[in-house]
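Enquirer: Can you build the whole structure from these sequences, using the hints too?
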Amino acid sequence: MQLITLATKSMFNRKASVLLTLFTIAISVMLLLTIERVRQEAKSSFSNTVSGTDLIVGARSGDIQLLLSSVFRIGHANNSVSWDSYQDIKSQRGVSWAIPISLGDSHKGHAVLGTDSAYFEHFRYGKKQNLAFAAGRAFVNAQEVVLGSEVASKMHYQLGQQIVISHGMGNTSFHHHDDNPMTIVGILAPTGTPVDKTVHVPLAAIEAMHSQPKSASRMIGKPKQSAAHSHSDTDEHDQNHTDEHGHNDSHDHEHANEHKHNDGHDHDHADEHGHNHSHDHDHSDEHDHGHDKPDTVAVTVPAPAHLHGDLIGEPKQITAFLMGLDSPLYTLQTRRNINNYKAEPLLAIMPGVTLRELWRMLGLVEKILLLFSGVVVLISLLGMLTTLLATLNQRRRELAILRSVGARPRHIFTLMSSEAILITAAGCALGIALFYALIALAQGTLQSQFGISLSISLLSHYELMLIGVIMAAGTLMGILPATRAYFYSLSDGMSIKL
Amino acid sequence: MLEINDLIFRWPGQTDATLNIPKLEVAAGERVFLHGPSGSGKSTLLGLLSGVNKPESGSIRLLGKDLAQLSDAARDKFRADHIGTIFQNFNLLPYLSPIENVTLGCHFSRSRTERVKASGNTLTQQGEQLLQQLGLDPSIMARSVAQLSIGQQQRVAAARAFIGQPELIIADEPTSALDADNRNAFIELLFKEASQYGATILFVSHDSSLAAMFDKYLSLSDINEVVQCS
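The listed protein sequences correspond, in order, to chains A and B. So for the first sequence, full-length UniProt numbering puts the first residue at 1; every next one is plus one. So for the second sequence, full-length UniProt numbering puts the first residue at 1; every next one is plus one.
These aren't lab readings, by the way, just hints derived from the structure by calculation. The beta carbon of each residue, even a glycine, is placed where N, CA and C say it ideally should be. If a hint is listed, it holds; no wrong ones were tucked in.
So, partial list: chain A residues that the calculated Cβ filter (under 10 Å) puts toward chain B:
no.	residue
1	Gln2
2	Leu3
3	Phe12
4	Asn13
5	Glu398
6	Ile401
7	Gly406
8	His411
9	Leu490
Ranges between beta-carbon positions, derived for each pair:
no.	chain 1	residue 1	chain 2	residue 2	range
10	B	Glu188	A	Leu490	34 to 40 Å
11	A	Gly383	B	Gly39	39 to 45 Å
12	A	Gly468	B	Ala142	39 to 45 Å
13	B	Gly29	A	Gly468	54 to 60 Å
14	A	Leu378	B	Asp181	57 to 63 Å
15	A	Asn13	B	Ser139	18 to 24 Å
16	B	Tyr217	A	Gly383	52 to 58 Å
17	B	Lys65	A	Asn13	32 to 38 Å
Expert: So, in structure tokens, the structure goes:
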């Protein structure tokens, strides 16, 4: 019989105290691993939210505030960038691409992001990955919407379904743009970033949403519903709108203008967008389709070929825009130029730098968490030490019997220290099992609440190293009772003193 | 077999010697009764004989080897190979089965294992055989040690002492927990087992009434020249 077998059987004989010790260690290991895994995943999903973007430009506020609002959809950007400035900066030399972003609306708690087709072409996340479609395609006109994977799965939305985007943030917007249903034409593949929780609409749709119902519905060709709206509704709508956006001009007037512009815009941009048919025609097609098939019924997405419409409209302003430059060497210079932009106060940030800055701010919390979980592990190991030392006195008879049948003091030492190692190892193993169980349980919540995607992957080198440190500490702890047992066995010999 | 000359032993930190034995001789195959009341230095002598402790001066020759000259590790090995021990009671490890208790010592002694193998048995077979020879029903072998009676436990302990045929069997008050009938029966079993291969038995007890069964009677208070306080 090997000493290990002996140690195991001896421990089994004292299973109550051994199991308690083992559970303490297991729980502490689980805690440590979970905290570390969440920390790591949070950090990586954090820095993976945006990549390949050289600059993010918004109205002048704080670096972190701009990052939070533009990338994480947290907080509000109080000011915006005028469309003219955007066009101007975009056309500057060295700018490879730009993605306009218009935020501030929501759909059942999910952020609505107005953008154009550049988003699907140029936005990168993680390791410079492009956005991929799990189903469908990008929007090609103002009545189409593309969902992040999580929005689709959570709301059980399907392609072809029509949804209504509300104005303002939050679940309970005071008024809904019931008159502006949009068709889901694309669902993005999961990215583990805030993109998953975002409803993507064309800029033109944001604009339409915010305009007066009458003109909006006229714009998207829906006279029926607009007629149903009472005057008071319309007024209220305007009022809200004015307050929230701080428009001082009369809305009716503005929108009338906009609408006119819109028509003109179409013609102007006809070449640019490669449209060969009239805008109005497109919309009536779309409208018919939408009314034939009511909400919640999934239908196939119409082929985009003859549906191309204006995605941009005539926005006055956007929340921010992402920029890619021809060469990263231009980044600092471009940034300086934008920060000194004459026409309006703008702020350009380098997302990588600001992400790191933000993470550093959270760094203290993460270090405290690590410290706490480390202390918990230490306490559990000290608990094991206490138990081993406490039972040692009761085990002197056992040791004497072993001595009498020929066990050398070093056997006693090995026996005692292997016990600590076995308990620690079993504790670690159980802790790892609990850790995976916990991850499996918490995965959904963490993903939906905090956007941290925990993968049930193998232990990383770092995590294995943590386990190694715990094992080493447990082994060291075992040396103390083993040494005492060693000296007991030397002095007691075979005589049994009780 | 066993020869002690001018043995002096003192516990560390004590000024007076615990043992001072000018001469003690035991022949091979002899059954010796050593009378040692408590406090007579009995445990100390057994510790010295089994090589757990080392004498301050003098020699303990066991099977021709002077234990005093051996290193700690060598004495441990010597004990494992050549001495079987039976304690007063609570002899067995409660977490091992009776058979595992019997074969326990073989894991610390290669020569005893080899002697078992030479008989053509596995350790377990040899253990079962010994338990049967000592009058234990095979049905108890599956039982937990804690379920055995004191008498049964002592026989398991005896089997453990005899396995692998060690030359010297030291029995330290093995019968004190048994009643008179069982006591004699147990000693008879020890003799029967020892005579099979000529083992020497050193039986230590405070109960002189048992002495009549033995070849030789020694009293520790006679051979030990240290004046006992009791």
